[in-house]
Amino acid sequence: MSTAPKKNNYLADGWLVILLALLYGGGLAAVQVSLGGRIAENRKNETYHVIPELVPGAVEAKTEEHTVTGSNGKTIKIYKAIDASGQHIGWVLPGGGQGFADRIDILAGVNADARQITGLYVLGQKETPGLGDYITGSDFRSQYAGKPTDQPLAVVKTDPTAPNEIRALTGATISSESVSAIVNDTIANLKDVINENASTTAPVPDQI
Amino acid sequence: MSNDGPTALERFINGILPENPVYRQLLGMCPVLAVTNGMKPAMTMAAATGFVLICANLMTSLIRKLLKPHLRILVFTLTIATFVTIADKILAAFMYDMSKQLGPYVPLIIVNCLIISRCEICSSKQGIGVSLADGIGMALGFALALASIASVREILGMGSWFGIQVLPAAWPGWGIMVLPPGAFITLGFLLGLVEWIQHRKARKAA
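So the protein sequences, as listed, match chains A and B. Here the first sequence stands for residues 1 to 208, numbered as in the working numbering. Here the second sequence stands for residues 1 to 206, numbered as in the working numbering.
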């Protein structure tokens, strides 16, 4: 070991780290390619499974998939909830965004004209165990059912007084605010499309 | 060569009981406390941790001669994180419900000290055979520890084991045992028991 520091030492020291990072990155990409479809399939099954919970009265087997373009210009797949008599009763809208720890993915149920939220489900989250992960609990999620969508949801730390207020989870204000912000964004993004005209959206064949 | 450490067989046996990662080294307490409310999540966690531990041990052992001392921890973490991500994806693909139930605890395997300590103590110094034996031994020891705690908690808390009813239906089910306090209580009692057995053994041998 020479005592004089050399400036071009970085590569000599770090080549193994760089090589391993590339190797592992390649390995992970291969895993993602081979398992990604399966994971997406599992998520889709879960989405279908919770549709009757998100839009009360909806029948899982009658759900139609529609591909629409939101206000942000991106195409997104949304789910049209239909009840046993064939009546169109609501929509299930997928959304996602940054939470406290990692990405949070949600499904929001709204009624047919998107004026009212009918339910909320958390598809994926990695919030703090014992605090933020209570966003998946029905105590927290049930607050969203029945909220009007004419104004954005707000998170408060006391008992809600206004109709658009959600009570934050104790010790997990950021997680609560993240979920509410994701719900707001998701609905704001798709509200116009839903109201505009349902007939411009054609059902898409079953595909991943 | 530099094979002056314990042999493969010693490493293997040490991992199971004499140097049990949970009861003797008190490592990996997070999953021990968090996912032992039932046998199914506990055994899934043990399998995922074992997979990462054995793979990381093998990989570290393969590259041990290339490691730079000041960059070794970085390489260990990189290796462990890769295998944890693979384990996470496999769980999400094939055991979706379990993967949702374990939630953030699977990514948290990355910071399980048990794995990085085995890289540091064993596999960065010894050959592949010894590292493999060490990984399997430690994985079994970890699984055994999780199983012991999960058995007590699930049987007392829900009257079942692996979801199968083992106590009569009249058993009230001690709800606290499946809640977080039950984990601390069970771990405390079992640790005390192991310690007591060790002391008895030592006194008999003396």
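Treat each hint with caution, since some may be false.
To be verified - Computed from the model, here is a short list of chain B residues facing chain A with C-beta under 7 Å: (1) Thr-77; (2) Gly-163; (3) Leu-190; (4) Val-194; (5) Trp-196.
To be verified - Simulated pairs of lysine-lysine, DSS-like, Cα-Cα distance not exceeding 27 Å: (6) Lys-126/A - Lys-157/A; (7) Lys-44/A - Lys-74/A; (8) Lys-157/A - Lys-44/A; (9) Lys-62/A - Lys-77/A; (10) Lys-77/A - Lys-44/A; (11) Lys-126/A - Lys-65/B; (12) Lys-62/A - Lys-157/A; (13) Lys-74/A - Lys-191/A; (14) Lys-100/B - Lys-89/B; (15) Lys-89/B - Lys-126/A; (16) Lys-68/B - Lys-125/B; (17) Lys-65/B - Lys-77/A; (18) Lys-65/B - Lys-125/B; (19) Lys-62/A - Lys-44/A; (20) Lys-126/A - Lys-68/B; (21) Lys-44/A - Lys-100/B; (22) Lys-77/A - Lys-126/A; (23) Lys-89/B - Lys-40/B; (24) Lys-77/A - Lys-125/B; (25) Lys-40/B - Lys-125/B; (26) Lys-65/B - Lys-44/A; (27) Lys-89/B - Lys-44/A; (28) Lys-77/A - Lys-191/A; (29) Lys-126/A - Lys-74/A.
For the record, the hints were derived by calculation from the structure and aren't laboratory data. Glycine is no exception: its CB is placed at the ideal position from the N, C-alpha and C atoms.
Take a quick look at whether Lys-62/A and Lys-77/A sit within 27 Å of each other, Cα to Cα. The hint holds at about 16 Å.
CA of Lys-44/A to CA of Lys-74/A, is that 27 Å or under? 20 Å, holds
Proposed proximity, Lys-191/A with Lys-74/A (alpha carbon, max 27 Å): Holds, because 14 Å separates the two Cα atoms, which is no more than 27 Å.
Hey, Lys-157/A versus Lys-44/A, does the alpha-carbon distance stay inside 27 Å? 34 Å, violated
Quickly compare the C-alpha distance for Lys-77/A and Lys-125/B to 27 Å and report which way the hint goes. 52 Å, violated
Pair hint Lys-65/B and Lys-77/A, alpha-carbon separation not exceeding 27 Å: The hint is violated at about 51 Å.
Agreement of Lys-44/A and Lys-100/B with the hint, judged by alpha carbon distance not exceeding 27 Å: 14 Å, holds
Pair hint outcome, Lys-126/A versus Lys-65/B [Cα-Cα no greater than 27 Å]: 37 Å, violated
Have a go at the Trp-196/B hint: is there a Cβ in chain A nearer than 7 Å to its own Cβ? Violated, about 31 Å.
Tell me if the interface restraint on Gly-163/B is satisfied: Cβ within less than 7 Å of some Cβ in chain A. For Gly-163/B, the interface hint is violated, since the closest Cβ of chain A sits about 21 Å away, which is over 7 Å.
Does the CB of Val-194/B sit less than 7 Å away from some CB of chain A? This hint is violated: Val-194/B lies away from chain A, its Cβ roughly 27 Å from the closest one there, beyond 7 Å.
Are Lys-126/A and Lys-68/B close enough, with their CA atoms no more than 27 Å apart? 34 Å, violated
Of the hints listed earlier, those the structure fails to meet are numbers 1, 2, 3, 4, 5, 8, 11, 12, 17, 20, 24, 25, 26, in rising order.
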